[in-house]
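Chains as they are written, first to last, in this note's numbering: chain U, 3 to 278; chain L, 3 to 278; chain A, 3 to 278; chain B, 3 to 278; chain Y, 3 to 278; chain C, 3 to 278; chain E, 3 to 278.
Quick caveat, the hints were computed from the structure, so don't treat them as lab data.
Beta carbons are placed, not taken as given, at the ideal position from N, Cα and C, and that holds for glycine.
Don't take every hint at face value.
As the list claims (entries may be wrong) - Example chain E residues on the side facing chain C (calculated, C-beta under 10 Å, incomplete):
(1) W15
(2) A18
(3) D116
(4) S125
(5) G153
(6) V210
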Amino acid sequence: MFRNQYDTDVTTWSPAGRLFQVEYAMEAVKQGSAAIGLRSKTHVVLACVNKANSELSSHQRKIFKVDDHIGVAIAGLTADGRVLSRYMRSECINYGYTYESPLPVGRLVVQLADKAQVCTQRSWKRPYGVGLLVAGLDESGAHLYYNCPSGNYFEYQAFAIGSRSQAAKTYLERKFEKFPESSRDDLVKDALFAIRETLQGEKLTSSVCTIAVVGVGEAFNILDQETVQALINEFEISGEEAPTNESAAEQAGGDADSAPDQSGAAAEGEAAPMDI
Amino acid sequence: MFRNQYDTDVTTWSPAGRLFQVEYAMEAVKQGSAAIGLRSKTHVVLACVNKANSELSSHQRKIFKVDDHIGVAIAGLTADGRVLSRYMRSECINYGYTYESPLPVGRLVVQLADKAQVCTQRSWKRPYGVGLLVAGLDESGAHLYYNCPSGNYFEYQAFAIGSRSQAAKTYLERKFEKFPESSRDDLVKDALFAIRETLQGEKLTSSVCTIAVVGVGEAFNILDQETVQALINEFEISGEEAPTNESAAEQAGGDADSAPDQSGAAAEGEAAPMDI
Amino acid sequence: MFRNQYDTDVTTWSPAGRLFQVEYAMEAVKQGSAAIGLRSKTHVVLACVNKANSELSSHQRKIFKVDDHIGVAIAGLTADGRVLSRYMRSECINYGYTYESPLPVGRLVVQLADKAQVCTQRSWKRPYGVGLLVAGLDESGAHLYYNCPSGNYFEYQAFAIGSRSQAAKTYLERKFEKFPESSRDDLVKDALFAIRETLQGEKLTSSVCTIAVVGVGEAFNILDQETVQALINEFEISGEEAPTNESAAEQAGGDADSAPDQSGAAAEGEAAPMDI
Amino acid sequence: MFRNQYDTDVTTWSPAGRLFQVEYAMEAVKQGSAAIGLRSKTHVVLACVNKANSELSSHQRKIFKVDDHIGVAIAGLTADGRVLSRYMRSECINYGYTYESPLPVGRLVVQLADKAQVCTQRSWKRPYGVGLLVAGLDESGAHLYYNCPSGNYFEYQAFAIGSRSQAAKTYLERKFEKFPESSRDDLVKDALFAIRETLQGEKLTSSVCTIAVVGVGEAFNILDQETVQALINEFEISGEEAPTNESAAEQAGGDADSAPDQSGAAAEGEAAPMDI
Amino acid sequence: MFRNQYDTDVTTWSPAGRLFQVEYAMEAVKQGSAAIGLRSKTHVVLACVNKANSELSSHQRKIFKVDDHIGVAIAGLTADGRVLSRYMRSECINYGYTYESPLPVGRLVVQLADKAQVCTQRSWKRPYGVGLLVAGLDESGAHLYYNCPSGNYFEYQAFAIGSRSQAAKTYLERKFEKFPESSRDDLVKDALFAIRETLQGEKLTSSVCTIAVVGVGEAFNILDQETVQALINEFEISGEEAPTNESAAEQAGGDADSAPDQSGAAAEGEAAPMDI
Amino acid sequence: MFRNQYDTDVTTWSPAGRLFQVEYAMEAVKQGSAAIGLRSKTHVVLACVNKANSELSSHQRKIFKVDDHIGVAIAGLTADGRVLSRYMRSECINYGYTYESPLPVGRLVVQLADKAQVCTQRSWKRPYGVGLLVAGLDESGAHLYYNCPSGNYFEYQAFAIGSRSQAAKTYLERKFEKFPESSRDDLVKDALFAIRETLQGEKLTSSVCTIAVVGVGEAFNILDQETVQALINEFEISGEEAPTNESAAEQAGGDADSAPDQSGAAAEGEAAPMDI
Amino acid sequence: MFRNQYDTDVTTWSPAGRLFQVEYAMEAVKQGSAAIGLRSKTHVVLACVNKANSELSSHQRKIFKVDDHIGVAIAGLTADGRVLSRYMRSECINYGYTYESPLPVGRLVVQLADKAQVCTQRSWKRPYGVGLLVAGLDESGAHLYYNCPSGNYFEYQAFAIGSRSQAAKTYLERKFEKFPESSRDDLVKDALFAIRETLQGEKLTSSVCTIAVVGVGEAFNILDQETVQALINEFEISGEEAPTNESAAEQAGGDADSAPDQSGAAAEGEAAPMDI
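The task is simple: from the sequences and hints, build the whole structure.
Set out below in structure tokens:
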């Protein structure tokens, strides 16, 4: 498993000008269960796959409310994600208290990115192992950002992260041009379709996914399971057209995360990987 | 025993996006003696196997009262568990003093998880080597959480951790659907049955296990040995149906912790492993 | 990938008197998408290639306004660049508040260089992985500086950094003698021509590049996409004379960054390189 | 002497979830000269073997008075033990000054264990290399605890630690059921018999052992040599029934510390091991 | 490129009593472009070769004014040199403010040397990679010092540092006896001749060198390019007697820095060396 | 010279529960020139061998007065010993100032031992490399302690440390039973005889040894050379009975420090060992 | 050049109880140019060889005035020596200001030794690489001390340190018995003779050595070059009896520092050793 001598310390550059430890942390995002986001001019929808640890437990929460106008979906190290989302919550409260107006989404995203950047430049820390899709609504409209372990952030019309997210991205790319004018309900429908793409033939039910919405006149809220199931039934999504092998192959070629996946599986017999 | 170059430092990511030191700390939980928890709508029962160090000593305590409405059962490094449970006790006292109401269980669990997360992101610390089953009752009802060395936590209907916990988990999975409506005494009975599954044919007596209960109208309390023995006798649990080889085999295949177990045994001749 | 024993720590000199970690950080600049700058006596123009992460996202911003009279274009680690440009912004505000006059460009550039130098002399940090083209106008005229990860800075008439920048540099070297007397619009036109040189046959459109201008009577501003497209159409730049193979070969021989490029590509199958 | 890559740093987990440095520190306890403790309902007796450095010196003290109601016997690194027993003394004084009542034994033992736990979770420290048998009397009766380098503690009816302690443990296990009702003098007698078991045929005299007692109406005190010799004579212990080879063999098989012993002896020609 | 185990840490002595990291930092001075200094009783002249990064940029400044009576020429890591010269400037200002008289040159040189020494005795720093020729005039006359990365300093009649400085040193050694009585203009002429020796056949023009003078009645000033060109023309230096192969050979044998030069060149294909 | 992986860091335990770095520091004591101490009920005598660095120098002082009632003789690293004896002096002064009575010897010895223990539990320090024989007189009589680098201390009737101390120890063991009742002068005589044993046939003169006495009615004082020579002459010690080969052989077998001695000698050609 | 695993860290003991890093620092003293000192009852003379860096420079100063009654000559790392002599100067000033009397020489020497000792017990520092001959006059007479990198100091009648100092030591040992009664001028003469012994046949002139004197009625002063030349002429020292090969051979055998010398010379082709 030896790669090179430049990849064990976050403050060490490789000869080709790369920071491998940051890239490896980005791998942790790819290993997490999938999360997707998409937005119209007025609404943002977040969705994620509920990872079932066991029949005995509730699923691990992957979508968090930050404030009435902001929410976040994570993929990767859940504990890191929880710590970061509490940081966001605290920033929103402080801003609201000081300025008596909601914290602009873009501003929060930059603060979050700076917090991540610091962890890429101190030898006694490690980069966060989590990707965050930040959905928010402010005076400049609806926003969807992706915050990456590297300290970068990007604004998206629609995006998908986590394991098998390539299939969802392919779906979103086919449809995104109509999103800006989509109604809230169409966005939710597309979110459900995109999530189904990541399930590899598993049946889409309200128990395997979580959906959250924020928009004009609608505070950030996570839809309850009944509502989601009703939507699934209504849209007749469930079970129709299983993901084809092509899209799976496309994925393998597309982002090359299948190799890590295999080594992960091989290693699984030795020590259980963290829940990410 | 060499694995790879990414697994000796908690701040080093592997190329596949894993933090091996955190996973190894999770192994310590698997090596500890078993602990189980299960809950109905009104009660939570914790149970653990008493590890006999020697005839001369009392057994090592693995269940601690945190507050009147919260208790904890641990598996793994006992010293780490003791330090964390005292932290929980202190948080409960402070909250009660400030707000004159009991600390909500979920809130305490998040604080505990954050304390664990910090130890996964500092190069001069190590992750805690202990898993905690937190049982509590608050305004939102009875709760059972599992806090993991990774800084994650999960809410469970019923769960088992520690060595040979797979057999208990199998038992709980067969029965958990009826737990929400179970009476307090049925929960205790199921706890005793689940514990027996982890004993590998050893006779279940009140000296090999500890049982604690918290519920509506019942502060967290550890049942005294006579009560437990009376229950065992009443339920006629003891000795009936020894754990079959199948379930043992299932366990070996199921969670693959038998390999570490063997290497642990092989190493035992060299230096005595800690009491976990 | 082993080179030598002197290249993993930024505080270690090689026997030949080199600091390899600083040089490797300079490689990160070469891997970033291209940025160019050029100036006349009265105006400075910055231009950069917009790296398309995905159809779904807006492009990553690489040009930032610092103050009314100063702006910056970056190549390399975007997160580092963002942190540094906010530092610059904050210095400009403080200076303006104290002295009620704009911060001289050269002075800001020296402060920026000193901040970078510190990171080359502390064992627990790493050099910044970003190059900055700083464009500004002050009492002494229009200025264009290049700030390097090593803590050096240089004043230029025109310069290009980032991947495939050699072709743009070649173009600028052929033309730079006329720049001092160029009109604002001629500068913009030359910027567009230079950017096209780095595109390797890709068609130049307003979506693949960003242009910013600062000059006498014109505060630093990023041109909107329509304006840029109009300019491209007006100048009839798009598509005419694709970059020849000669210039590509010249580039490979000229700055030898093709070798790292290849190793980068070979490694790409393993872990996705950061967005730089 | 190479074992594995996980055993040189106290903050590094092994893949099997063990902290080898803590286990190695526990080995130091096994290498120390033997100490034993036993208690009735009213009295606790501590005893230890006096290690003769040389004819010229008094023996190294291994039993310390902490307060009128608490005393301690150590095995392992004497310097670590001395530092810890002074810590205990200081805690007792502070408690007595604040609450005007003696510090409960169990509470002191927990504080001691926490102090030890901290040394197992900081990379720049090492675990203490000493085991402590804490004897005390408080409102809840007579207590005997064993504090281990791992930060664990155990309550015992009777226990023995240090080199060749297995033989003493075997003796104590045969007899411990009658200890709760034993008279003070019978406890002392059993302590002397247990100590003799660890001597491997050496004659038991008052100069090779130290005895201390704490109990109802008797402050913690170390018996003077004449008293001990008188007891030995009275009980006619000395010389009668030399430890048989069987028990030695039993010991070798029982705790497997003979291997370290040999390597220790082999290494003795190189550098003198510390006095432990 | 492995040398030995004593040369990666500045706080590690080699068995022969050498600090290799300090010596390697001194190599950085040898790799920098050449700088020379020479003095009469009343004047000091500094000169350096302008390294042309590119046609597009102004050359990197290597001569800095510190105060009216002090200036400095550097060879080696420019960023380190800039930081140190600002330190000098600040010391001069503070002294002038406190004592209302110029800071004596020798005193400043000692402070500078002490700042360098500290960096040779802390494990988390690195020695500065720059040599400084300090020219100054104070009550005790004209002075020329050389400050070395090792924390040493030397007073010189004339000296040359940087790449190919051996040829200049040879020239200066032939002529230095007449320097004390030289006129200002003769000093400048000798400076130009010495600089030409380092050019290896390249034509001496005002664009390839910078000249600065400080002396009685003349504050430290850098001569403008026209003045220098006029002097070159006047003295008819340019082009006459190209440096012979003998002097080049002499150099190679004399200071043996050609070996590092070659390894430097060989390595150049991999990663661009810093501008020094 | 490689031993194992556990012996380069003072905070690393070996698998057998040893701290090698502490043991190696104890070797430094064995390499120092010999020091001996012996006491009666009323007096303590310290003696040491004067190591002749050169004819040109006075010998290195190895006996220090701490206070009127305490003195110390050292073997090992002289610089460490000097620092520790000044610490002792300062403690005595502070105690005397606060309590207006002399600091009890045993108390000072414990403080000294604790200072040494701290250096065995911090990764960024090293154990002191010096052994101290502390001689003192207080209300409880005359005392002789040995403080070891491990943080241990021992009370002795008589003891010898340093190179070839085994021969002196053998002498002292033959005679120590009469020491408690010895007169001051007999103690001094025995000290001289013991010192002679360590000289390996070298003639005992007042220049090769230093003698100090503290006792009832006699403040700690170092005897002047004339007095010592007079005593040597009076007792007719010098030259009579050279140490036999037997005792030398006994020594080699007895403490096995001859092996390190040889390796030390072999290494001497490379780098001069410190004066210890 | 690999020696062993114990010689790269100043806080690591070797198995034989040596601190190699301290010994290596002592090698730096041996590599420095020679310095000698000698004293009568009333005067102390320091002398050193002036190392000629180049014709162009003044020689490196190796003798420093500390106060009117104290001066110092150094061999080894000049920068370290300069820092230490300024520390001494500052201590003298502070003492004089507080007590209105000169600081006793012995006291200053102890403070200096303690400063050196600290650098041998911290992992993030390195031992000073310089030896100091301290000459001083106080109420107790004239003193000559040698302070070593190990933190030791010695009082000498006469001593020589640095490269080829063995020949000077041999000379001084032949003559030292008459030094106490020597006149000031005889001491100076002997100093010059001793210096000549270190020159290996080079002619002794006033330019190759520096002489300083402190004594009754004569503040510490460095003799000017004319005075020294006059003395050389007067004593007719120069050139008479060149050092014989015998003394050179004696030296090689005597202190074995020729081996490091050779390795030093061999290495010289790689990187220039520091000026020491």
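Status of each hint after checking the structure:
1. W15: holds, 4 Å
2. A18: holds, 4 Å
3. D116: holds, 6 Å
4. S125: holds, 4 Å
5. G153: Interface hint status for G153/E: holds (3 Å vs cutoff 10 Å).
6. V210: V210/E check fails; min Cβ-Cβ to chain C is 24 Å, beyond 10 Å.
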